[in-house]
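A.B. asks: Given the sequences, and given the hints that come with them, work out the whole structure.
These protein sequences, in sequence, are chains A and B.
Numbering that gives the first Met the number 0 applies: residue 0 is where the first sequence begins, and numbers increase by one.
Numbering that gives the first Met the number 0 applies: residue 0 is where the second sequence begins, and numbers increase by one.
It is worth saying that the hints were derived from the structure and are not from the lab.
Predicted model, so just to flag it, every value in this text is computed and none were measured.
Incorrect hints may appear among the rest.
In this list, chains with the same sequence are indistinguishable; a pair is considered to hold if it fits within one copy or across any two.
[Said to hold, decoys possible] Dumping the calculated EDC-like pairs for lysine to aspartate or glutamate here, alpha-carbon to alpha-carbon at most 16 Å:
(1) Lys66 with Asp124
(2) Lys271 with Glu238
(3) Lys249 with Asp207
(4) Lys160 with Asp177
(5) Lys262 with Glu239
(6) Lys201 with Glu239
(7) Lys66 with Glu169
(8) Lys201 with Glu238
(9) Lys93 with Glu39
2 protein chains.
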Amino acid sequence: MLLGSVEAGGTKFVCAVGDEDYRILHKTQFPTDDPKETIEKTIQFFQQFPELQALSIASFGPIELQKNNPNYGFITDTPKLKWRQTDFVGPISKALNVPIYFTTDVNASAYGEYVTAQLYNEKIDSLVYYTVGTGVGGGAVLGGKILQGIGHPEMGHTFVKRHPDDLEFEGICPFHGDCLEGLVAGPTFEARLGVNGADVPKTHEIWDIMAYYVAQATIQQTMILRPNNLVFGGGVVSEEFLVKVRKHFKNMLNEYVHVPDLKQYIQMPRVKDNGSATLGNFALAYRVQSE
Amino acid sequence: MLLGSVEAGGTKFVCAVGDEDYRILHKTQFPTDDPKETIEKTIQFFQQFPELQALSIASFGPIELQKNNPNYGFITDTPKLKWRQTDFVGPISKALNVPIYFTTDVNASAYGEYVTAQLYNEKIDSLVYYTVGTGVGGGAVLGGKILQGIGHPEMGHTFVKRHPDDLEFEGICPFHGDCLEGLVAGPTFEARLGVNGADVPKTHEIWDIMAYYVAQATIQQTMILRPNNLVFGGGVVSEEFLVKVRKHFKNMLNEYVHVPDLKQYIQMPRVKDNGSATLGNFALAYRVQSE
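C.D. replies: So this is what it looks like as structure tokens:
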């Protein structure tokens, strides 16, 4: 069986086909350019595989996921102006004529991690995946289902208690200033220190401040969803960074509720090389073709 | 059909029986005293009604809700020392021999509000209920099911951005200091102003500061669960207070995601006179007897 994956990111598209064991057989990538051209390139990639059974698209957002909404399958009020109100699923569905699952990039990553945990026989019923990169976002799987309310989560845009050594920084979120994304997304290095994050030594105190904020996101999830597991991906995250996050989380939680061992509870992605979303897409494509 | 409800609060127990239309037929209350005596009084009340079909217990916490845990049905690490590690469901189940549903007080309230919304034919799929009273807690219903992870939520214990005019106050949560509960629970009036909340004029600026924090809890839910509706009950909450919460919420959200009209989105309980938990208990008892 041939399954398809589209990861539509703000800067690049990654398209892949895989088998029912979720192994990648073919893969390509191209920049996120004009919507019409980029969608056309996506279609052309998959048209090489007439035996394709189903496709899952994990997209940057915001996107419309309510199937009864006339704009289902659209990218909606994105800051990427050319992509505003773009019908994304429609033209792909029409050209390829296979079942399509449509979700956010972080939802697909959460699902990929969840499926991998099941394959590893971990006893996990619920999982949250955060990406901390150019932006901050999160998705969750509860009891095998992707969490979805009146829209998809926007977990990067909650507020947090400010670190005493970071009170002056206004944050960079164009909507909220110092929400989580405004305080810890990759471009905050440039905004706070005037240098690229890759050039900031791991010993710099900024990492501790950022961990203080990410620990609060972990507290939010721990108190609201009570998941088995939180996974952190994205360019800002490293195991060293998560060591700091765990330290702050432990202090903040103060043993108020029981959580699993912190090394398991707060962890890097199981799927290496940013592969969680592709694997999640394959699993979601498998699911949609069998419905 | 006769259904039973126990609301086990930190200061008083309310026991009631009702019919399948969730109307209260008999009701009693007594102080939360020594566990053995209090549980015995609860049993004696229900033993008056041999036709009782099922019972739902909504308890102060923390409580153990995992059915595969040997301590299922216990009140666990509560600050009420006499009640620590008390088997609550066990003796009642043994004495009454009816199916019992066990949950938190706020979960039952959330369920009561959800069921009422269905009866009113509101198109609501998900709902969060917060109580802001002696403590702060929250429960949620998603797609008809009570939200439950590795334990029940403790939504009152997340952190929030401090209000610029309230930076000195340390908060009163014995575990977390200035978590949401530590900043807005009823006893914070005494701690901040030295007077009881009932004596603080509605024009006092403290209400605006507290609304700023409750609005952030609303932002957390909006970005994580994306519910249709948030209900606020408890002694601190009034319609005047929610007007302030809506104002801060609107400013903080900054139209980032679509939410329903704020008067519907953020509201007082549908069920009057603190009746949400009793009604929720009847509905949960009905559910457990038909399983």
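A.B. asks: The structure should be examined with respect to each hint, and the outcome stated for every one.
C.D. replies: Evaluated hints:
With identical chains, the CA atoms of Lys66 and Asp124 are at most 16 Å apart between copies only, with a shortest distance of 15 Å across copies and 26 Å within one. In the homo-oligomer, the alpha carbons of Lys271 and Glu238 lie at most 16 Å apart inside one protomer (13 Å), although the nearest pairing across protomers, at 51 Å, exceeds that limit. In this assembly of identical chains, Lys249 and Asp207 lie within 16 Å of each other by CA distance solely inside one copy; the values are 14 Å within and 31 Å between copies. In this assembly of identical chains, the alpha carbons of Lys160 and Asp177 lie at most 16 Å apart whether taken from the same copy (10 Å) or from different copies (9 Å).
In the homo-oligomer, the alpha carbons of Lys262 and Glu239 lie at most 16 Å apart inside one protomer (12 Å), although the nearest pairing across protomers, at 45 Å, exceeds that limit. Proximity of Lys201 to Glu239 under the C-alpha cut-off of 16 Å is restricted to the intra-copy arrangement: shortest distance 8 Å within a copy versus 49 Å between copies. Taking the shortest Cα distances, Lys66 and Glu169 never come within 16 Å of each other, neither inside one copy (38 Å) nor across copies (47 Å). With identical chains, the CA atoms of Lys201 and Glu238 are at most 16 Å apart within one copy only, with a shortest distance of 11 Å there and 49 Å across copies.
In this homomeric assembly, Lys93 and Glu39 come within 16 Å of each other (Cα to Cα) only inside a single copy, at 12 Å, whereas the closest approach across copies is 67 Å.
Checked against the numbered hints above, the structure violates only hint 7.
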